[in-house]
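K.L.:
Sequence:
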Amino acid sequence: TGYSSCNLHRYSNSSVTAVSTYNPETLTSGTVTAVYDGDTLMVALKGDALTNQGQKNNTGKSSIKVRLNYIDAPEYSQPYGKEAAKALRKQVLRKYITLQSHGVDRYGRTLATMWVGETDVNGWLIENGHAWAYSRYIYALNHPYMKLHQQAQEKKHGLWQDLNPIAPWVWRKEHKKIR
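With this note's numbering, the residue at position 81 of the sequence shown is 302, and numbering never jumps.
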């Protein structure tokens with residue numbers, strides 16, 4: 222595939238070009254087998270793909286649970302949660318993808334940026350109003366995801382059509398028992 226340490230990716234249906242950097246040592250590829258919500262899914266690994274810990278898949282592990290990094294989509298039971306999951310499902314289910322691993326979260330999920338071909342799926346979800354740019358984990362205000370977030374909000378894409386959408390981290394805090 223010829224990945225370099227810095228590649229440009231154009232978000233689908235957009236004039237925005239973002240710089241996506243990745244280290245070939247942490248690239249993983251496979252096929253999406255399940256979508257749980259708007260930012261969590263299961264990926265069947267290609268035979269020599271990396272496990273959650275960044276090791277070659279010689280442990281017998283054939284799939285990994287992935288949490289898309291730098292975004293936060295509405296919870297499935299939250300307003301717009303089903304729509305966000307449906308959008309992600311339509312974009313990635315049963316498709317061959319590439320992941321850039323950013324580590325593992327406290328639940329054992331691989332944190333990753335995902336591509337289908339040249340499309341940065343994380344950016345696509347933000348751009349189309351299916352997820353928030355997760356500013357808690359994005360440390361640069363000029364990060365491309367922050368810009369996509371602002372543009373989606375201004376254009377009232379997806380969840381931004383709601384007069385007062387509730388950020389998932391706020392919703393989770395308020396609804397701990399019903400998640």
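Quick caveat, the hints were computed from the structure, so don't treat them as lab data. All C-beta atoms, glycine included, are put in the ideal place defined by N, C-alpha and C. Some clues are possibly wrong.
Here are the in silico distance ranges between beta carbons for each label pair [stated by the list, open to error]: (1) Lys376 <-> Ser283: 38 to 46 Å; (2) Gln382 <-> Ala265: 32 to 40 Å; (3) Glu339 <-> Lys397: 18 to 26 Å; (4) Lys267 <-> Lys376: 31 to 39 Å; (5) Gln382 <-> Ser283: 13 to 21 Å; (6) His378 <-> Tyr358: 36 to 44 Å; (7) Ser284 <-> Asn385: 20 to 28 Å; (8) Ser298 <-> Leu384: 32 to 40 Å; (9) Lys394 <-> Lys267: 21 to 29 Å; (10) Ser356 <-> Pro300: 35 to 43 Å.
Below 30 Å or equal to it, Euclidean Cα-Cα: the simulated DSSO-like pairs (lysine-lysine) are [unchecked claim]: (11) Lys316 <-> Lys368; (12) Lys368 <-> Lys286; (13) Lys303 <-> Lys394; (14) Lys376 <-> Lys394; (15) Lys316 <-> Lys286; (16) Lys316 <-> Lys267; (17) Lys316 <-> Lys303; (18) Lys377 <-> Lys316; (19) Lys267 <-> Lys377; (20) Lys316 <-> Lys394; (21) Lys286 <-> Lys307; (22) Lys377 <-> Lys394; (23) Lys368 <-> Lys311; (24) Lys267 <-> Lys397.
K.L.:
It remains to establish, for every hint, whether it holds in the given structure.
P.N.:
A quick look at each hint next to the structure:
Range check, Lys376 to Ser283: Cβ separation about 40 Å, and the 38 to 46 Å hint holds. A hinted range of 32 to 40 Å for the beta carbons of Gln382 and Ala265 is consistent with their spacing of about 34 Å. At roughly 39 Å, the beta-carbon separation of Glu339 and Lys397 lies outside the given 18 to 26 Å, and the hint is violated. Taken as a hint, the range 31 to 39 Å holds for the pair Lys267 and Lys376, whose Cβ atoms sit roughly 36 Å apart.
Our hint of 13 to 21 Å for Gln382 and Ser283 is violated, since their Cβ atoms are close to 39 Å apart. For His378 paired with Tyr358, a C-beta distance near 22 Å fails the hint of 36 to 44 Å. The hinted range of 20 to 28 Å is not satisfied by Ser284 and Asn385, whose Cβ atoms lie roughly 38 Å apart. Between Ser298 and Leu384 the C-beta distance comes to about 20 Å, which lies outside the given range of 32 to 40 Å.
Our hint of 21 to 29 Å for Lys394 and Lys267 is violated, since their Cβ atoms are close to 38 Å apart. For Ser356 and Pro300, the hinted distance range of 35 to 43 Å is not satisfied, since their beta carbons lie about 20 Å from each other. The hinted pair formed by Lys316 and Lys368 meets the criterion: a straight-line CA distance of about 27 Å does not exceed 30 Å. Between Lys368 and Lys286, the direct Cα distance comes to roughly 28 Å. Compliance with the 30 Å bound is thereby established for this hinted pair.
The straight-line distance between the Cα atoms of Lys303 and Lys394 is roughly 19 Å, inside the 30 Å bound, and the hint therefore holds. As the CA atoms of Lys376 and Lys394 are separated by approximately 28 Å, the hinted pair is consistent with the 30 Å bound. Restraint check for Lys316 and Lys286: satisfied, since their Cα atoms lie roughly 15 Å apart, inside the 30 Å limit. Using a Cα cut-off of 30 Å, the hinted pair Lys316 and Lys267 holds, with the two alpha carbons roughly 12 Å apart.
Between Lys316 and Lys303, the direct Cα distance comes to roughly 20 Å. Compliance with the 30 Å bound is thereby established for this hinted pair. Between Lys377 and Lys316 the alpha-carbon distance is near 28 Å, which keeps this suggested pair within the 30 Å criterion. Distance check on the hinted pair: Lys267 and Lys377 sit about 38 Å apart at the alpha-carbon level, beyond 30 Å; violated. Using a Cα cut-off of 30 Å, the hinted pair Lys316 and Lys394 is violated, with the two alpha carbons roughly 33 Å apart.
Our distance criterion of 30 Å between C-alpha atoms is met by Lys286 and Lys307, whose separation comes to about 18 Å. Of the pairs offered as hints, the one joining Lys377 and Lys394 holds, with about 25 Å between alpha carbons and a cut-off of 30 Å not exceeded. This hinted pair checks out: Lys368 and Lys311 have alpha carbons roughly 24 Å apart, not beyond 30 Å. As the CA atoms of Lys267 and Lys397 are separated by approximately 36 Å, the hinted pair breaks the 30 Å bound.
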